[in-house]
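Chains as they are written, first to last, in this note's numbering: chain A, 1 to 361; chain W, 1001 to 1270; chain F, 2001 to 2219.
I should point out that these hints are in silico values taken from the structure, not numbers from a laboratory. Beta carbons are placed, not taken as given, at the ideal position from N, Cα and C, and that holds for glycine. It is possible that some hints are incorrect.
Covered by chain W, per the in silico footprint, the following chain F stretches (three or more residues, Cβ under 8 angstroms) [what the hints assert, rightly or not]:
#: 1; region: 2015 to 2024
#: 2; region: 2049 to 2058
#: 3; region: 2063 to 2073
#: 4; region: 2119 to 2131
From the derived model, a few chain F residues whose C-beta atoms are all more than 12 angstroms from chain W [as the list claims (entries may be wrong)]:
#: 5; residue: W2009
#: 6; residue: G2010
#: 7; residue: I2012
#: 8; residue: L2027
#: 9; residue: I2032
#: 10; residue: L2077
#: 11; residue: V2078
#: 12; residue: T2085
#: 13; residue: E2089
#: 14; residue: G2204
#: 15; residue: R2207
#: 16; residue: P2211
#: 17; residue: R2214
Residues per chain are reported as follows:
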Amino acid sequence: MIELDAVGKTYPGAAAPAVTSLDLVVTTGEIVALVGPSGCGKTTTLKMINRLIEPSRGTIRVAGRDIGSVPGPELRRGIGYVIQHTGLFPHRTIAENIATVPRMLGWERGTIARRIGELVELMGLDPAIGTRYPAELSGGQRQRVGVARALAADPPVLLMDEPFGAVDPILRSRLQDELLALQRRLHKTIVLVTHDIDEAIKVADRVAILNIGGVLEQYAPPGELLRAPANAFVEDFLGADRGIKRLSLIRIAEVPLEAGPVVAPGAGAAEVAEAMRRYGVDWFGVVSGSDLLGWAWGSEAPSGAGGVALRPFEVRLQGADTLRDALDTAITGRTLVAPVFDGERYLGMLTVDAISRQVIG
Amino acid sequence: MVAAKVGDMIEFLGDLAAWFASSWDGDTGYLMRIWEHVTVSGAALLAAVAVALPLGAWFGHTGRGGMLVTSMVNVGRALPSFGIVALALPITIRLADALPVIDSGLGFLPTFVALFALAAPPVFINTHAGIRGVDPDTVEAARGMGIDGRRVLTTIELPMAAAVIMYGIRVTAVQIVATAPLGALVAYGGLGRFIIDGFAVRDSVQIAAGAILVALLAVATDIGFSRLERRVVPKGITPTRKGGNIAGDVMVDPARAQWSRAVKPIHREE
Amino acid sequence: MIARPFIDWGWIVDHLDEIRDRIGEHLALTAIALGIGLIIALVLALAGLRVPRALPPITWTAGVLYTIPSLALFAFLVPITGFTTLTAEIGLVSYTLLILIRSIVTGIQGIDPAVTEAARGMGYSPRRMLWEIELPLALPVIVAGVRLAAVTTVGLVTVTALIGLGGVGFFILRGLNRFFDTEIVLGTALSVMLAMILDAALVGIERVLTPWSRRRSAT
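Given these sequences and hints, build the entire structure.
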């Protein structure tokens, strides 16, 4: 969908090119994140795609068309654009903001109104928001309106420049989840610039790691990046906690679970001792049917599980959660395991050992 | 046709040069008129500073007088200087009638009163604003070190506000020099005589000569006071042409004020 | 000597027609100066924004015009353009330029760069951006400049009495010449009132034109 062919940019008066010569292909329907340190040219690269910055060399094709042959304003009306500070027009209502591009494209009034309604609903916004002004909205609402405005004319390509850079971590995480949910429905081709490697790993299908001067160090899916960094620069950029980052890419449903040191409610002392011995632990759990009732120390049950006061497992992980969540649960609990459920039904548990085997293996 | 125009122009400039060469001497010569202009302007400015600067400093220091400043700004902007000069006349005439000490309610007195009335508010407003604009952290730190109220004003606030205060005085001085010609309407001398009398007898040469002298004096005042400003303002303080917003104040001559609306920097990698 | 009253109300009542005419003249002189000043300032400010190198000489020239004392400026012009409305308007317009140019330039420069970047990113052409985004958003600052220029101009119009015009300033001059206090007070008071009314009117216009700046605070 987007092809960069030996693209470079040298700013007038600059000693070194911001981007030397970059080849990059973004296929239809994927999210690509451009990451790298300050001065790596990631924003320059993004803005060359919609010609907010004119490339000094090379060609860029969007949907097979050389963008150099399209006037800048016309090109940009066909590409969605989202920026960090949203850039909503403060003198226009939310509805008018969203209608910006459709109106420039000369859509009919009724069509525009319908489209605004769709987008407000798609972004999970209150329909009454349409008549308000940006200054009356919260940061999260403004960010959502910014995305709605970029999507208004249904462009196949969306460029996002640090879209969640100016919001607090909790909101950022929620907006990232929303973007992923949105993408599952819309299948846009999205290029996203971020300085946050965790964000790139979380939302992108492929990550392009750029070095100073727009040098592409590695271009790979997040899992591959974390498993096999191409060189020392990438390894360094990914950080020391690369292993833990990898865990966040693996869903619990993808890995085998263990039964754990569990016994039935009426189990005798020998049965309890055997369960604990098998796992090399000094506690045991009690399962009744598909219900995990809780756990107790072995020393509290000298005569078997019957009548012992059980402590509950606080966190109930699901298959869609990641191994990073599982690790977090395991190391913060007394039992050092993460029990996994399907709804309320107990499926099995993950030990710290089992989790770490996923990273090593 | 064009040649005739150019000819007229050259003739006019010749007349002007002749005027400057011949009219400098005596009681009605332009040296005398400059002297009259400077004395009434200087007297009015000194009086205005003597009254308004301490008041502005004190109100600024205590944080009072905000309302006063606001209304002074509004009224000061709307009052035409021509009207102030004219209004001074009936007042000084009545004063002269009431107090035998004053021998005339015409001439110097109404001009002085008008220029004083014109000058005091902006000096007050700028001093007030300058003191209020001092970084409260600095004042807090000074107090924390045990410097008491009045010494905070003299050793911290006034030096830090010097740039704004001096700027106000400079702009006021220029304004006084520019308005003093209207004194000719209330029977004072000064450079306004040439313009006003020239208007009356439709003498273009005299009008133009007066205009040139007034303009030069205004520019000289501006330059002189900006030199003074540089000397008075402590080194570490940026000599701001500072002004609030553009809805602005009489105080800070809006025309010269640097509009200090901060423009958000775009912090991007490039 | 008999204490004379400052204001002779009877005289005012007798001269209502003349007062009305002079107010009309005053408003006309002011409106023409503001209108022409705004057009010239707009052209120069936009030129200066488009070609940044042209901006310092433009503001410098406007600054020089502003610094020349008003009476001196009228006096300079009289030998050339005579005792005419043209003389008055050239002087009055010169005084509005600096204030108006500055307000337009700062108004547009003060716009959040994210807004203009987003507009460009969505395909706004420079001209469309100017009319639909930049000027509307700069409006509060521009109106502030227009208000200041309007109030200043109303005051300056009184000075044009010396070249035979003056609006309500005519009364001030005639009062001075005849030692008639009523006219001095009347002329000054009318000038102040006109300035304040015009200022209030411009505030009203601004409120109508910028509905977005009235509503604030996030939900």
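Inset, instruction - Identify every previously stated hint that the structure contradicts and give their numbers, smallest first. - result: Checked against the structure, the hints that fail are numbers 1, 2, 4, 10 and 11, while the rest are satisfied.
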